[in-house]
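Work the whole structure out from these sequences, hints included.
Here the protein sequences come in this chain order: H and Z.
Heads up: the first sequence is residues -18 to 348, going by our numbering.
Heads up: the second sequence is residues 37 to 261, going by our numbering.
Treat the hints with care, since some could be wrong.
Capping the alpha-carbon separation at 27 Å, the derived lysine-lysine pairs in BS3-like fashion look like this [as the list claims (entries may be wrong)]:
no., chain 1, residue 1, chain 2, residue 2
1, Z, 195, Z, 215
2, H, 257, Z, 224
3, Z, 62, Z, 111
4, H, 154, Z, 215
5, H, 257, H, 282
6, Z, 172, Z, 215
7, Z, 182, Z, 239
8, H, 154, Z, 139
9, Z, 195, Z, 172
10, H, 124, Z, 172
11, H, 40, H, 106
Read the hints as simulated data drawn from the structure, not as lab findings.
These numbers were taken from a predicted model, which means no experiment stands behind them.
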Amino acid sequence: MRPITFFRQSLVWQYILSLLLVALTMLLSYFFVAFMGYKVVALLLLLVVSLLAMVFELKPVLLASGVSALAWNFFFIPPLYKFTIDNPEDALLFIMYFVIATIKGVLSVKLRHAELRAKEEENQKKMLLLYDALFNSLSHELKTPISSVVTATDALRDGLGQLSQSQILTLIKEIDMAGNRLNQQVGNLLNMSRLESGQVQPHWDWCDMEEVTRTCVQPFRHSYPTYDIQLEIMPNLPIYWTDRVFVEQILHNLLRNAMEYTPENTRVIISLRPAKVGFQLEVSDDGRGIPEEIAPDIFDKFFRSAQASTGGTGLGLAIVKGFTEAMDGSVKFSNRPEGGACFKVYIPAMHTEVQNLTDEIDENSDH
Amino acid sequence: MKSTKILIIDDEPQIRRLLRFTLESKDYAVISAGSGLEGLAMAANHNPDLILLDIALPDQSGHEVLQELQVWCPKPVIMLSVLDNEQDIVRALDTGAVDYLTKPFRSRELLARIRSGLRYKQEPSTSPLIQIGAIKIDLTARTITKSGVLLRFTPTEYKLLCLLAKYEGRVLTHQQLLKEIWGTAYQKETQYLRVYIGQLRKKIEDNPNEPELLITEPGIGYRLG
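Structure representation (structure tokens):
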């Protein structure tokens, strides 16, 4: 794909290449003209111009058809090496060649542009649908906590002096939760738009992945106390050269996903182990899993499964995918044979063995 | 007794109001400014004991204000930031801010940062005895005990723990720690820090997997206590 895009972008290259290809065809034909006759050469040239028209812009194609017509006349139509044509049949052929090559070129290019436009329009329509979905889920996701805040503050104000201590605490807790939820949603949206704009560059550093994983999982134990959260971390992991924030975002979204889409008391297992080059994070649960027919779509932006309860923006897994790919990693989903979903994230990364960094032993210590 | 005076420089009136409310309820005297210029003027005229400075201000960046303050105002500055931009925060800490808070923050956190900021100003603790939780450090005897039990450390671990302890409650950036313990040549070698912090945790924390004393400030540095 890359060379084609490159030539599409650079018009000068398109001109040069058009002329080169025509010249090359002429050269080859020149050697074989004795076997096939000069009329077949016109067909070969026509083929070349048609091929050019499939990839290049209009002007280089027109140039190719013009030059090839003249060159054909000059090198192949008798009298040779002259631009004159003696035979009326040849003159007709020459004109027909020129006209066909030009029409063919113009039509091909136009057709291609029309296809491109149709595709763009289709994409635009798709985007509009996605935005509709986004606005629906967003307005729900953002308005719910906002309305909690407004309602709770009203209740506090109206109940001044009448509410019991525990009632006040309940209302305060609601406001607190709403704040956290808003913060999280806005964070997700910011992440998504950063990923979309391609502005996200990994900020590489040496990371203690065990610490990163534990720090990320810890808050979930508090906010989802009914879930059985288990950590399986390989002991003595090396220090990895990776982006901690990215990994945290990936893990955070996978965990949230696991908790939001499984019933209470579900077991969620987070495992971290070294891979060939880098490490692998796995989040699996013993919930219902994900229906195979929607599995290919779950990483799409704004995709929400039909069984999903209200809430959620459909951004979580798209963010997981975005951050994973920003680090040249890969994420795979599978349903576990024993039931439940399993997400495997592989992140390539350099590492340093811990023992190489510490050459001290306690006995050398003077305290 | 004259109460401690805190200057808030933040362009959001609502944030200023809430900060003022929180701080005044803890008996701090509060003055506030909505722009960098106004803030600098207030710092010059009212001699605050501590400054809360927002990184994003309408007229100039918080970094510029911080730099200007560093020249003539020796008082501790705590940066407030709405973005989780680590580079921004590290830059502010490395140019002299004593600490930072990312919005939204808890008032408990705010008050703790202010207390530790006020305690040390720009200077580390000079007391030879430091107590953090169950950990007791005696700098003269060069001993560290946990609940009375003597702990053993390698020289590097000891140096690292003492450095963090001298700035108890304050964040120290990776750069600051690496420069101080390993030297300027090691300023990018964060893997050493990761390993030694892990080792220290195994010795001083009740549960090294859920550290309560030696706290990681992701992407920025570490904080003890």
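Quiz item: For which of the previously enumerated hints does the structure constitute a violation, in increasing order of number?
Solution: Failing hints, ascending: 4, 5, 10 and 11.
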